[in-house]
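Colleague: The residues making up each chain are set out below.
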Amino acid sequence: MANLETHDEGDARILAISGEVDMDSSPDVKDGILGALKGASTLKVLLKDVSYIDSSGIAVLIQGMKDANRANVAYSLLDPSPNVKSVIELAMLQQVFTIEESGG
Amino acid sequence: MPPRAFGVTVPADARYLKVVRAFFKPVLEEHFGEESGMIILALDESCSNIVKHQSKNLDDGMITARVQVTESLVRLRIGDFCGQEDVENIRPRDLQDVRPGGLGTHFVDQIMDHVAFEPEPGKPGRLALVLEKKIPEGKQEDGEPRNPR
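Sequence lines, in order, name chains A and B. Just so we're aligned: the first sequence equals residues 1 to 104 in this note's numbering. Just so we're aligned: the second sequence equals residues 105 to 253 in this note's numbering.
Quick caveat, the hints were computed from the structure, so don't treat them as lab data. Be a bit skeptical, because a hint or two may be false.
From chain A, some residues computed to sit far from chain B (all C-beta separations above 10 Å) [said to hold, decoys possible]: (1) 7; (2) 10; (3) 20; (4) 102.
List of simulated lysine to any residue pairs, SDA-like, C-alpha gap at most 20 Å [claimed, not checked]: (5) B/156 to B/243; (6) B/129 to A/81; (7) B/122 to A/81; (8) A/85 to B/209; (9) B/122 to A/59; (10) A/30 to B/155; (11) B/243 to B/137; (12) A/85 to B/213; (13) A/48 to A/90.
The structure presented is a predicted model; accordingly, all values stated were derived computationally and were not measured. Glycine residues also receive a C-beta, built at the ideal position from the N, C-alpha and C atoms.
Next up, chain A with everything else stripped away, as it sits in the complex (with noise of 0.2 Å):
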C-alpha cells in the first residue's frame, strides 16, 4: 500500500509517496501524479520513504515524466531511497530521469 500527500514549497509542488508501490498501488500512484501535475510549474515527486517498488511503479514515473514534459512542468524524482534508486539502475534509467539529493 502507498500513501500519497501533496504539498508546494515556494514555486514546486511535492508529492511525497510512501509504503510500497506495486501492481496494486501504481494506479493511485498514477493518478497522484497526474493530479500533482495541474497547475503545477514544477513537481518533486519524493520517494525516500518508498520501501519497494517494481516495475508497474517505475512505469507510472516513466509515465509521469512524459505527462510533466507535455504540459512543460519541470519533473523530478527526490531522494530516491535505496530500494528504488537500486530499481532504477536495474532499469538503466538513472540517466533518463533528473534525481534530485536534498542532502536532508
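Please build the complex by placing chain B on the supplied structure of chain A, with the hints as guidance.
Modeller: For chain B alone, kept in the frame of chain A given last:
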C-alpha cells in the same frame, strides 16, 4: 543439510502480491541479506505477470509459489505460469525505448542466475517458471546448527 521446501497459494489478484513477498522475505533475507530485496522483486514481477495475464493463463485463478533451499542455491518455482505457446513472447524489451511497461522480464533476467520453464505435472501444455539464485559463499549452509547454546 536436507533441502528445505515450502510454498504459498494465493488468489491471482494484485492485492495478494504483498502476501507473497512477505511470505518469502524471511528465507530470502536469511540467505541473501541485503540482496534479498532484488530476489523478492524478481519473484514479485513473475507473480505480477500471472495477475496481468490471468484470464488467458490460469484455470483456477490462483498463484502457487514455492521455494526450495539447497546447500548452494535457492530455487523459486511459480506454478502454472504460462502455456507452451506463450514462451516465445516472454522476452525483455529494448531498454533504449523509454516507455512505461515491459520492464518486468528484464528485471527477472538481470537478477536471477538461471531462469527456465518446466512442464507443470498434470497440466499438459502448461509450464511452471523456475528462478534460481546461487547463495553467496559466506551464507551457504555449513551443517552447523544456528544459534548454538
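Colleague: Each hint should be assessed against the structure and marked as holding or not.
Modeller: Hints, verified against the model:
no. : hint           : result
1   : 7              : 26 Å, holds
2   : 10             : 29 Å, holds
3   : 20             : 6 Å, violated
4   : 102            : 23 Å, holds
5   : B/156 to B/243 : 35 Å, violated
6   : B/129 to A/81  : 19 Å, holds
7   : B/122 to A/81  : 19 Å, holds
8   : A/85 to B/209  : 19 Å, holds
9   : B/122 to A/59  : 18 Å, holds
10  : A/30 to B/155  : 19 Å, holds
11  : B/243 to B/137 : 9 Å, holds
12  : A/85 to B/213  : 18 Å, holds
13  : A/48 to A/90   : 18 Å, holds
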